[in-house]
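Number of protein chains: 2
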Amino acid sequence: MLNNEMTGCLKIEYPIIQAPMAGGITTSALVAETSNAGGLGMIGAGYMAPAQMREQIKEIKRLTTKPFGINLFIPKPVQASKNSIKAANQALNPIRQKLQLPPQDNLDVADYIEVFKTFMEQIKVVMEEKVPICSFAFGIPSKEVIAELKQHNIILIGTATTVNEAVENEKAGMDMVVIQGSEAGGHRGGFHKQEQENVDSIGLMSLLPQAVDHISIPAVAAGGIMDGRGFAASLCLGAQGVQMGTAFLTCTESGAHKVHKEAILNIAEDQTVFTRAFSGKWARGIKNPFILEMQEHEGYLPDFPVQNTLTQEIRKTAAAENNPDFMSLWSGQSARLAKNQTVKSLIENMVTEAKQFNINI
Amino acid sequence: MLNNEMTGCLKIEYPIIQAPMAGGITTSALVAETSNAGGLGMIGAGYMAPAQMREQIKEIKRLTTKPFGINLFIPKPVQASKNSIKAANQALNPIRQKLQLPPQDNLDVADYIEVFKTFMEQIKVVMEEKVPICSFAFGIPSKEVIAELKQHNIILIGTATTVNEAVENEKAGMDMVVIQGSEAGGHRGGFHKQEQENVDSIGLMSLLPQAVDHISIPAVAAGGIMDGRGFAASLCLGAQGVQMGTAFLTCTESGAHKVHKEAILNIAEDQTVFTRAFSGKWARGIKNPFILEMQEHEGYLPDFPVQNTLTQEIRKTAAAENNPDFMSLWSGQSARLAKNQTVKSLIENMVTEAKQFNINI
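From first to last, the protein sequence lines are chains S and Z. Residues 1 to 361, numbered by the UniProt record's numbering, are exactly what the first sequence covers, in order. Residues 1 to 361, numbered by the UniProt record's numbering, are exactly what the second sequence covers, in order.
Hints should not be assumed to be uniformly reliable.
As the list makes no split between identical chains, a pair holds if one copy fits it or if it spans any two.
[As the list claims (entries may be wrong)] Using 30 Å as the maximum straight-line C-alpha spacing, the simulated DSS-like pairs for lysine-lysine come out as follows: (1) Lys171 / Lys339; (2) Lys76 / Lys150; (3) Lys339 / Lys193; (4) Lys287 / Lys261; (5) Lys287 / Lys76; (6) Lys171 / Lys287; (7) Lys258 / Lys61; (8) Lys117 / Lys150; (9) Lys287 / Lys339; (10) Lys261 / Lys355.
By construction, these hints were calculated from the structure, which means they are not laboratory data.
Just chain S, same shape as in the assembly (with noise of 0.2 Å):
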């Protein structure tokens, strides 16, 4: 019964997508294996110079002949006074003290936005290797770059945590749009006040119709999704395909650290918190020492990316340490559905699973 839009434009057997998961969890294999199997790999590229964006795209090319697409982060001005990040490191300094780093102070916005500086020769990256698919998070590119995009015959997915959000992605002219629900593990994709987007959380089951019913380009579910179950719902609800994230980042080819692996597949439904002290940005992950130490701080840390620069040392050393108390354990609301397969196990099973439901996959 469905007339599936987005399979088609994707040019991809199955409406899976394997989230753009940034910080090294998207290796080529696990995007190669993804494609492999029928699905759409995504590189998770929002944090990447462009030189390593061209060389993990030309693995993957050596590693599949299907389409694969990549994410970037959508750059915006920074409000991240001197005093907030005065602030930030005064909270942040006893954990490095615990880790054995050094305190920080510098005080220069400016040293850290790296991110933000990049997007332009990371949108050329893209068109020069002809990337078939690019999505984005955290915003809507400029009407330059979206016809630039589509000059290249370039595929482009937007990213909504509202209805309102998924009527601006089809309306600046995305192909498709992702709606994320408030099950969602990482960080929230949207762009609307920043200072709400951890309580006002719309569950998927609300969000998908409500954003269906406004728009006419195809809605890719997120948020919660792990297998044929969810697949099958998301499909009922009106979407034509689905992301997940959490479901990938278990899988043997990902590259997320084992630890994070390790935690994400022993804890229950109720075990993940929304944070921005990882990153200046709302986040859904696994309550550890790190988000309990720093949620008075919450109110008044600096913006995305500042803050993310600021702990960047602490979740590195921490993760050489094999220690998940300071780590970004970013995880989804049904990490009891996580497992430890393959992609193609995750992918078949999925498909298998969602059409016992009588619904056209």
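With chain S fixed as given, assemble chain Z onto it according to the hints.
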């Protein structure tokens, strides 16, 4: 493909429960029309005096020969210091003044917990009147009460907001359990760690399949479901049926205040929020001046039902004046899907729409 134990057990045609909304919303017409249309009508009797309950039960029996149910609140020890009552009154008195109500200063906890005193009498009425189905919010009845109700062949339905609560409901002998996602309007029906239940609420897309994996009694999906899409999606996720509040609240037969109905029919998906300022218990309602003014006081307000009694006159006066600013405008996150329609057309449309997904209802 569904072997629907739920409809068999409840002796109803469609696995659609009208949520037992307390406070006058579940009129006899609403309950009886739901049952007459093939669903299960429920009296929200949490705040009702036993005599009032008996009267409504008798009235409903005159309006339908079909099964219907009733919902009760499980009493538990109240934590409400004189200091917290004093602080609540300090926060509420300026609002009372706006409504030309006298300030309050009664600090005697005992005067505020009427609703907890009558539970055993309420149970007695349920048995004497042979109400076929009884559901519970805020906890699980004692072994003795469960045994007695079962001896009277009354079908018991629990409420869970986490997987563990669902498991506890099954262990205690509930015949089925409502799985309430974060999208749901009104009170959180669960019973664990109240201090966290606003921030840790789990979206239905995540909660439902995880709960279903851990119980063998039928699961009833609740939270954000408004139409055949949510109905079909819930069945895909493993529920045997659905319970809907907001969708019934705006129906013609509902006793909700017209200002309440109009508010729901006019808001977007992101205009509700969790608050405990009305009742002392976390609940989702439309953001209004009362919620915003009380936000800073949430931390130290007395427990349910003390805070509920404290705000009673404010809510009542605001309602009498058609003033939405100080009423508890409970609503789920799917308000954009709410319609002013009859119960019969709500249920018929849901069933017709859900059947289009080729899922056996």
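Quick rundown of the hints versus the structure:
no. : hint            : in the structure
1   : Lys171 / Lys339 : between (38 Å within a copy, 27 Å between copies)
2   : Lys76 / Lys150  : within (22 Å within a copy, 61 Å between copies)
3   : Lys339 / Lys193 : between (34 Å within a copy, 28 Å between copies)
4   : Lys287 / Lys261 : within (15 Å within a copy, 38 Å between copies)
5   : Lys287 / Lys76  : both (28 Å within a copy, 29 Å between copies)
6   : Lys171 / Lys287 : between (37 Å within a copy, 28 Å between copies)
7   : Lys258 / Lys61  : within (26 Å within a copy, 61 Å between copies)
8   : Lys117 / Lys150 : within (22 Å within a copy, 68 Å between copies)
9   : Lys287 / Lys339 : within (20 Å within a copy, 39 Å between copies)
10  : Lys261 / Lys355 : within (28 Å within a copy, 39 Å between copies)
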